[in-house]
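Could you build the full structure based on these sequences and the hints that come with them?
Protein chains: 2
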Amino acid sequence: MKLSTKGRYAVTAMMDLAIYGSAGPVTLADISQCQGISLSYLEQLFAKLRKAGLVEGVRGPGGGYRLARPANQISVAQIITAVDESVDMTRCKGEANCQDGESCLTHELWMDLSKRLYEFLDGITLADFVERPEVQEIARRQSREALRHHLLFGRFAA
Amino acid sequence: MKLSTKGRYAVTAMMDLAIYGSAGPVTLADISQCQGISLSYLEQLFAKLRKAGLVEGVRGPGGGYRLARPANQISVAQIITAVDESVDMTRCKGEANCQDGESCLTHELWMDLSKRLYEFLDGITLADFVERPEVQEIARRQSREALRHHLLFGRFAA
DNA sequence: ATATTCCCTAGCATAGCAGTCGGGATTGGA
DNA sequence: TCCAATCCCGACTGCTATGCTAGGGAATAT
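Line by line, the protein sequences give chains A and B. Here my numbering = 1-based position in the first sequence + 10. Here my numbering = 1-based position in the second sequence + 10.
Among these hints, one or two may not hold up.
Identical copies look the same in the list; a pair holds intra-copy or inter-copy alike.
[What the hints assert, rightly or not] Taking lysine to aspartate or glutamate pairs in the EDC-like style, the calculated list, with each CA pair at most 20 angstroms apart, reads: (1) K12 to E66; (2) K58 to D40; (3) K12 to D132; (4) K58 to E95; (5) K61 to D122.
No wet-lab data here; the hints were simulated from the structure.
So, in structure tokens, the structure goes:
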């Protein structure tokens, strides 16, 4: 497990999907503009998120991305590992017999720590963020505006 | 906050200090050999750890590094932030007024998440690892060997 | 049809990682 | 007093991953 700015990009983008996704798919162009991330870079990140089964894309006008599962079934740990593929384990793993044939104890301890960290991040889902009152407030405002936008442009006008 | 292999090196090295440090300072050469990390690279890491006040060096023969504080007062978060200095905040921070003048909500949420993560890692101290029975066992064996080593080389022979 | 969106591949500049080298300064022990 | 073991410091280097650009597809609402 690794945690860098790349993971942050993915997590914040997924938060966007979770928050604003109630009114239909969210385009990468929107996220790009809002978060200041390059569009093509976002596309590459979302390719990984899609391969990991976390999002699904909707093509064509009015398309975008939406969560592949309910927000309470997508954890932060899943997002980070999907994007930050890093299984570069310790080098001194079995064969190195430092300390009189005993394999390095600290590696065991590190494995334990990283496991704990993963479990912690796996316990935090996107829903934990979306369900907050202030987020709900903004999301409602956003969807009202989205609806007005649709009406202005005749999206729903039969 | 960031978490990469660099931070892992630092944390595992600090574990070594906490475990084997009871019998005097631990040399970087030992850690280097045990963990398979380059000596000079370790020196650079420990320079940062020392500047952060987490360890103190003892020069001369028989020297090495020891923890600057008791192990239960050194958290994993402190070690990682000491070594992984990364305060590269979000780019769209106040001035970007996406979504109708409202600053990006997801940044707030990310800040909250990283704060939670820090608090989690700050709650885990080196002592949590040292105090385990199996670690205690090995540490005792190690110190017996260290003592024998001292006697063999006449360290304590008046 | 056409514009909009996702999708894919290739390349590219830069920064940071991990390491090397070469030298100090300090200090315990012979 | 000298030597060897340590910590300390700075500069340099190859390599990888990051973040980004460019350029093209394929699907699909209108």
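Structure-based check of all given hints:
1. With identical chains, the CA atoms of K12 and E66 are never at most 20 angstroms apart, being 24 angstroms at best within one copy and 28 angstroms at best between copies.
2. In the homo-oligomer, the alpha carbons of K58 and D40 lie at most 20 angstroms apart inside one protomer (19 angstroms), although the nearest pairing across protomers, at 41 angstroms, exceeds that limit.
3. Within a single copy, K12 and D132 get their C-alpha atoms as close as 14 angstroms, and across copies as close as 17 angstroms, so both meet the 20 angstroms cut-off.
4. For the homomeric pair K58 and E95, the shortest alpha-carbon distance inside one copy (9 angstroms) is at most 20 angstroms, but the shortest distance between copies (28 angstroms) is not.
5. Taking CA atoms no more than 20 angstroms apart as the test, K61 paired with D122 passes in neither setting, with 28 angstroms inside one copy and 28 angstroms between copies.
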